[in-house]
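Protein chains: 4
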Amino acid sequence: MANSKYEYVKQFERENYLLAETWIVVRVDGRGFHRFSDRYKFAKPNDARALGVMNEAARRVMSMLPDIRLAYGDSDEYSFVFARDTELFERRESKLVSTVVSTFTAMYNMLWGKYFTKTPLDEEMLPTFDGRAVVYPTARTVRDYLSWRQVDCHINNLYNTTFWALVQQGGLSGAQAEERLRGTLASDKNEILFSEFGINYNNEPEIYKKGTILVRDLSILSGREGDQHERTELSSVVSTVGGGNGGEKRAELSQRQKQREQKRRRKAAIVELHEDLIREDFWDKRPYILL
Amino acid sequence: MANSKYEYVKQFERENYLLAETWIVVRVDGRGFHRFSDRYKFAKPNDARALGVMNEAARRVMSMLPDIRLAYGDSDEYSFVFARDTELFERRESKLVSTVVSTFTAMYNMLWGKYFTKTPLDEEMLPTFDGRAVVYPTARTVRDYLSWRQVDCHINNLYNTTFWALVQQGGLSGAQAEERLRGTLASDKNEILFSEFGINYNNEPEIYKKGTILVRDLSILSGREGDQHERTELSSVVSTVGGGNGGEKRAELSQRQKQREQKRRRKAAIVELHEDLIREDFWDKRPYILL
Amino acid sequence: MANSKYEYVKQFERENYLLAETWIVVRVDGRGFHRFSDRYKFAKPNDARALGVMNEAARRVMSMLPDIRLAYGDSDEYSFVFARDTELFERRESKLVSTVVSTFTAMYNMLWGKYFTKTPLDEEMLPTFDGRAVVYPTARTVRDYLSWRQVDCHINNLYNTTFWALVQQGGLSGAQAEERLRGTLASDKNEILFSEFGINYNNEPEIYKKGTILVRDLSILSGREGDQHERTELSSVVSTVGGGNGGEKRAELSQRQKQREQKRRRKAAIVELHEDLIREDFWDKRPYILL
Amino acid sequence: MANSKYEYVKQFERENYLLAETWIVVRVDGRGFHRFSDRYKFAKPNDARALGVMNEAARRVMSMLPDIRLAYGDSDEYSFVFARDTELFERRESKLVSTVVSTFTAMYNMLWGKYFTKTPLDEEMLPTFDGRAVVYPTARTVRDYLSWRQVDCHINNLYNTTFWALVQQGGLSGAQAEERLRGTLASDKNEILFSEFGINYNNEPEIYKKGTILVRDLSILSGREGDQHERTELSSVVSTVGGGNGGEKRAELSQRQKQREQKRRRKAAIVELHEDLIREDFWDKRPYILL
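Residue numbers (my numbering), protein chains in the order written: chain A, 1 to 291; chain B, 1 to 291; chain C, 1 to 291; chain D, 1 to 291.
For the record, the hints were derived by calculation from the structure and aren't laboratory data.
Wrong hints could be hidden among the right ones.
[Stated by the list, open to error] Straight-line Cα separation of at most 25 Å, DSS-like style, residue types lysine-lysine; simulated pairs:
#1 C:K5 to D:K210
#2 B:K285 to B:K267
#3 D:K258 to B:K5
#4 D:K258 to B:K95
All values reported here derive from a predicted model rather than from experimental measurement.
Based on the sequences and whatever the hints tell you, model everything.
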């Protein structure tokens, strides 16, 4: 009963190795979260608990996979940006996507009770996610990807904020609110919020307007890790890489430098930001993210 | 602040639509389950509770996705075989893989406490899975795939049963048991089990030797669904399709027949088998699986 | 000056290995043949010389690649159907497509003067072709592919025959003929041809109506190859494979049988047919093609 | 006899759209050119006529496809580098590869007689080529690809020059020459050439040592195209794109600028170089190639 007779079927398996020297983004999306948020009575337009679960789940995924350089999320989706030179799972698409999705799902389910203390999960409607991997060939395209998601967050949030003001405070039905908003511009919605409900959209919480960015903070290095030697080295890495040759020539770090660099990233605290990542400024301050 | 400026990045996303008219198999595998089974003190060589979680999680996945025709699992892996003509998620690879993996993960985490009543999950080590999709062009190759997995189950189980008998009853260390088994054939292992430990491998539980097969039982139709009319129709479907033209020409069922057929599958009880699926016999009795 | 410093770029190359146990069809299409046929004054609606070049070029490709089981062509396109178990170039897509396209192009250019004796090729407008590979998982789908091409040939030929009758004999301009034919059915075109120009479409040459099929004639075996022994063997192969197990289980020929079988195919004469390949009959007579 | 019944088979066709914003390189390779060069008695180690056919065929391919920015060839291979933003054939892999291969094949066959005036092609052994497409995500990787090919040219040429000196002038058999060269370094081969045959490898023709580079010369603009206005514009394009933002942000040329730019490239003379393209210098002088 040798196995060999059937082993030929392995030839049907094929791997998609994602193109080397490109940024891999894995995005997870909640499956059927419209219905899911109804079932669990999410606050509208934003539920702080639900964002709490998402953000903490994403942070855990990021701690487990040190090659993730940045994560961005809002609503029921999260994007994880891997280092351009990651060799995780040999860059095999299915491994990357399924591992991120499975880890995110397990974390989300586990963390639920911490944020929704009075609403246990019903086994007939568990939170699940699908996922995909996309590769971006340049720093510009990966930044534009993130800008796309952040603009999307803003557009949806302005719409939802206005929609729910009309419904919750204005007494309109959902259909009426939808009708009222049809064809309106951003300025119209701002005006409705301000003149009818006294809401200045600019004062809404940044987490709702900008979403959540997770990055490893390489500037905050405490205790032994933060000594002068390492600081100097890091900044020399940054200046070497950024300089002169079009940003495309990867720094030729010695193997030892590389390992130290990886260790540093692994140890770095993951910080949560709710900022504008579209502006140059965000990236100028953190050149090491898209190195 | 139109979204269009960044929307061009969508062009980088690409879908892999799995080849039409082939059987899609999605296999999920436990990530790091060697360490996981140590951490949660799984009984060796087999832990009935752990198989219970796997089998029930797989069953739930199968109920939620009616296009799954059969599932086969053992140890920490499960394979889901979709109908050849499934159009689920337009056959997009990432959607199929990530949805199955996420649902399986959520179910496994949720069901854990039902089987491991005294061992709650530690949030530092949650069960997660990776996954992949493979397409098989013929009924023969998909059967050979399943045979390959079942042979693998048998080989591993015979090895593990002998290994743990040597350790648990024979007092050998792991290294000694490994050494003892190096180069042995199946017959040698059977002999060790029998002469040294009085174990007749043939009498070991079928679930350990054969793994678990989940199928929809179309022969058991209760109440209104089981009336004579439907029985007749089903058998006519089977005989139409199986006959004469090489099994490759798909039955040209009328749209209405198809819908009734789908409804029937959805309603059919999912049964758990621990049988030999390598033999023709298994398939002769269930021609509707690989229709 | 070791090569190794740059050799890392090889990792960017990737091969698409076409799915095993499926039929690979490579189709070549003339590039810009509308303009090309004007430039070289092809007779309308059909130019026998141009079809002669196409058919002979295809035949040469087929002799050079014995794994091609059948070729079908009409107008400026040709489809080559490879054996389901071909391992040519390890089934690498780019190798298969580029080799067929390059060989076809070289042959077409070389053979041109044999058919267009008075019209040498102008180096500013050489005949070139593009190509693609498609895999079909079942005999049914590969047959339907060929039927699709043959129906297309018929539809185009009926249209073109009527169009050019209206122009050449009816004195209409191209635009007028087009207008006249807008929205007409096959029966309308047949009627125009018959009542206005005395042309019975059914009597048009089969090569124009059906296109050209190239197959290896395994039934005509001359001399030593055709002895009784081999005939018997072949028919036993056919009956083994066709019988009983759904047509999907490939005959388990002994290695020696396989080699003899390959040699036979290589030696077999390639014959040119202009028949209906949509009918069962065509395939019943030649079961060895899609074995 | 509607076509629709069979048209479903089109769903089996799938296109591979090569990743946007990456450099596509299509490389063609002679098929069986070892045997081919024997058959047509190529001079050894290099045949100027054969390189002439290759180079002119490549030049014609490049004139027909203005999106090719540079071509590099030696021996029986040629690599064509497309503009990063090419939309030719919507970046479909099969179309790109098959079109380049077919055009190159037709040209090579046509041009043969111009260079091999006394050796007509034998229809039993026509020159054919296979091809592949590879995408490179950065200017650095595409440059490294070209360096890889040029280093390869050098290594092969040094070997072949020494091998044939040993055979043709040294009277060794092929096997003896091979044996003599086993394990030798570049310096050893240079020494053999110099001390035994009085050949200074550095004085060998550049075309043999460096291969052939084809580029459009945007600096030589004659007549109306070369006026001051256009020169200024081009240099401003170059400086805009090269500057400041890591070379990755593509110049946002107005649509009109783009069209003028394309026209300029189309009109530019294609020049043939036999230089070192590994050095920065080559690229500093021609920043517009990998723009």
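> Which of the listed hints are broken here?
Replying inline: 4
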